[in-house]
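Same order as they appear, the protein sequences are chains A and B.
Residue numbers for the first sequence follow this note's numbering, beginning at 247 and rising by one.
Residue numbers for the second sequence follow this note's numbering, beginning at 2 and rising by one.
Take the hints with a grain of salt, since some may be wrong.
[Claimed, not checked] Simulated crosslink set (BS3-like; lysine-lysine; CA at most 30 Å straight-line):
hint : chain 1 : residue 1 : chain 2 : residue 2
1    : B       : K234      : B       : K174
2    : B       : K99       : A       : K270
3    : A       : K270      : B       : K174
4    : B       : K99       : B       : K19
5    : A       : K328      : B       : K213
[Stated by the list, open to error] Derived list of chain A stretches under chain B, where covered just means 3 residues or more per stretch with a C-beta under 8 Å from a C-beta of chain B:
hint : segment
6    : 254-260
7    : 455-462
What the hints contain is simulated information worked out from the structure, not anything from laboratory work.
Note that the structure is a prediction, hence the values are computed from the model and not measured.
Every residue, glycine too, gets a C-beta built ideally from N, C-alpha and C.
The residues making up each chain are set out below.
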Amino acid sequence: MTDLAFADPCILFALRCEAHAFLKEFRPHQRFRGAPCWAHFCGPSWLTVLVVETGLGEGRAARAAEWLLSGPVLENVPYRPKLVLSAGFSGALDERRAAGDIVLATEVVDEQGNRWPATWPGELPPGEWRPPLYRHPVLTASRLAATPETKRELGRQSGAAAVDMEAAALARLCTRRGVPFGCVRVILDDLHTPLSPRLLDLLKDGRVAPLRVMAAVARSPRLVGELWRLARQSRHAAGQLGQALGELLTLTLPWAADQAEPRS
Amino acid sequence: MRFPLSLTSSMVGYIARKKLAGEKRFPLVLMLEPLHACNLTCTGCGRIREYAQTIKEKLTVAECLAAVDECGAPIVSICGGEPLIYPDIGPLVRGILKRRKHIYLCTNGMFIKKRLHEFRPTSRFFFNVHLDGLEETHDKCVERRGVFAAAIEGIKAAKRAGFLVCTNTTVFKETDLDEIDALFAFLTKLGVDGFMLSPAYGYAAVHQTNPKGAAEIFLTRDDIRSKFREAEKLLRKYRMMSSPIYLEFLSGRRELPCTAWGNPTRNVRGWKGPCYLITDTHHATFRDLMEQTEWDAYGHGKDPRCEHCMVHCGYEPSAALGVNQRLGDSLKMLLWQLS
Chain A
247 MTDLAFADPC
257 ILFALRCEAH
267 AFLKEFRPHQ
277 RFRGAPCWAH
287 FCGPSWLTVL
297 VVETGLGEGR
307 AARAAEWLLS
317 GPVLENVPYR
327 PKLVLSAGFS
337 GALDERRAAG
347 DIVLATEVVD
357 EQGNRWPATW
367 PGELPPGEWR
377 PPLYRHPVLT
387 ASRLAATPET
397 KRELGRQSGA
407 AAVDMEAAAL
417 ARLCTRRGVP
427 FGCVRVILDD
437 LHTPLSPRLL
447 DLLKDGRVAP
457 LRVMAAVARS
467 PRLVGELWRL
477 ARQSRHAAGQ
487 LGQALGELLT
497 LTLPWAADQA
507 EPRS
Chain B
2 MRFPLSLTSS
12 MVGYIARKKL
22 AGEKRFPLVL
32 MLEPLHACNL
42 TCTGCGRIRE
52 YAQTIKEKLT
62 VAECLAAVDE
72 CGAPIVSICG
82 GEPLIYPDIG
92 PLVRGILKRR
102 KHIYLCTNGM
112 FIKKRLHEFR
122 PTSRFFFNVH
132 LDGLEETHDK
142 CVERRGVFAA
152 AIEGIKAAKR
162 AGFLVCTNTT
172 VFKETDLDEI
182 DALFAFLTKL
192 GVDGFMLSPA
202 YGYAAVHQTN
212 PKGAAEIFLT
222 RDDIRSKFRE
232 AEKLLRKYRM
242 MSSPIYLEFL
252 SGRRELPCTA
262 WGNPTRNVRG
272 WKGPCYLITD
282 THHATFRDLM
292 EQTEWDAYGH
302 GKDPRCEHCM
312 VHCGYEPSAA
322 LGVNQRLGDS
332 LKMLLWQLS
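Using the sequences and the hints given, assemble the complete structure.
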């Protein structure tokens with residue numbers, strides 16, 4: 247019997263557009279066969295990470311995490327991640343956070359008030375980080391927060407500075423299984439930017455089907471401006487997230503294995 | 002003065018002591034590679050390809066300092082890999098400086114700003130930032146956008162904090178000398194303290210993994226001579242850290258033998274023999290490297306792998322040690338240092 251296992255860290259994004267810039271630097275090189283969603287080993291050989299695209303929402307994230315932490319087998323060798331990261335876009339719940347800011351979670355909170363600590367990366371790495379890293383609690387909500395009032399209220403209730411739709415599912419499972427967990431989020435829309443009901447309706451599944459967009463634009467031409475702004479902000483946010491994640495991983499991860507390598 | 006007085010005086014004193022002691026071969030610069038991991042995958046890089054099997058390994062600080070003591074060279078070039086990924090780079094630099102050595106920390110510059118607080122400015126420590134051209138060219142060479150901009154930010158931060166900064170530029174077949182002129186002019190405005198220039202070496206690992214690319218980027222000996230002869234005028238305009246004798250060699254105005262033992266390399270697999278560029282074996286000790294290597298079997302006309310090599314790590318020691326010396330060389334070197 248062998249207890250050998252792959253232990254590369256795993257990063258879970260909900261959507262491809264969130265992972266896009268990161269994958270330019272950490273290029274996919276091996277598919278994880280049998281995964282319930284897109285899952286590829288990415289990055290250089292000395293810093294390989296498993297990137298998983300879960301789809302939007304806690305349910306999808308939980309399904310991917312269950313699979314991930316169940317010891318899936320790749321080429322007869324089980325995979326047991328030494329770290330699980332939740333990464334992607336988020337909305338600001340704190341007026342100090344602007345679009346493009348990076349939030350490194352101190353803890354993850356859900357709508358019921360449950361809290362799970364983010365155990366990675368411990369102390370914020372010193373030095374000048376660009377984009378700057380801000381440490382705050384992150385809230386996971388079941389739906390997109392559309393209005394400034396809603397966001398402000400969510401922030402007040404939870405004490406969080408950013409809101410996403412997946413991290414709590416991962417934090418809950420990782421805490422239960424004793425797997426180190428971290429959450430890196432980039433702010434897509436600041437506290438004061440509302441999302442129109444039509445845009446919310448378009449985005450609710452996390453995918454924007456061209457036909458639905460055309461129909462929605464035909465009904466409300468003003469949506470074009472909102473979509474254009476969203477696309478521009480998404481590109482910027484994904485770029486910021488890709489850079490921050492890449493540098494955080496490069497400067498914190500590879501040698502952490504010296505202290506705690508769960509392969510053996 | 003071109004170099005800090007402490008560097009010049011310790012190098013001159015060191016060479017004099019070694020010559021008086023009758024030592025035939027001795028190191029001038031230790032090439033210390035604490036790791037080979039790098040955040041970039043540059044087109045012409047041999048290290049990430051040659052050391053793919055051990056790329057997750059690193060030397061401990063104690064191993065690095067033992068290598069510094071074992072070798073004894075007055076200058077340590079910390080390279081790799083990207084040394085600013087090395088977690089203990091701060092303690093390592095402090096340990097080497099405590100030994101009164103001079104350090105060139107060779108970096109792609111992307112993490113200077115993040116790790117600057119781990120260093121203190123001193124005349125014994127240089128950041129040596131690798132730049133192969135202006136933004137478009139450099140980012141193409143390193144195969145990633147934004148690297149030039151990040152390196153320039155790093156240089157600016159280091160200069161603001163009072164550090165000595167030099168740059169190292171590799172000349173490839175496609176290198177446009179007008180662009181190098183513009184690059185050096187730009188860097189001079191940023192207060193960069195000096196420039197190193199060297200022709201690329203056609204690593205076997207690059208030829209094996211990317212033969213088409215290798216043929217497109219690496220220069221032959223004749224190419225190098227013609228390129229550097231063309232560059233002579235422009236190089237006079239800038240504060241070059243490459244010695245005038247080495248530059249004469251590059252432009253074909255003189256011959257120099259290779260003195261690869263002048264720049265021994267220590268990495269995760271041991272003391273790399275015979276030289277920084279070619280790997281026949283790794284020795285367990287520095288003494289083994291110096292004594293067991295058949296130095297006379299290497300060099301232009303002796304080993305086909307040396308055929309087109311004119312890289313500074315093999316030939317700058319020859320210039321510093323006065324091998325194949327001509328009348329007036331000492332004066333030329335003195336005036337260069339004083340200018």
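So, going through the hints one by one against the coordinates:
no. : hint             : in the structure
1   : B/K234 to B/K174 : holds (19 Å)
2   : B/K99 to A/K270  : violated (41 Å)
3   : A/K270 to B/K174 : holds (27 Å)
4   : B/K99 to B/K19   : holds (22 Å)
5   : A/K328 to B/K213 : violated (39 Å)
6   : 254-260          : violated (count 0)
7   : 455-462          : violated (count 0)
Checked against the numbered hints above, the structure breaks hints 2, 5, 6, 7 and satisfies the rest.
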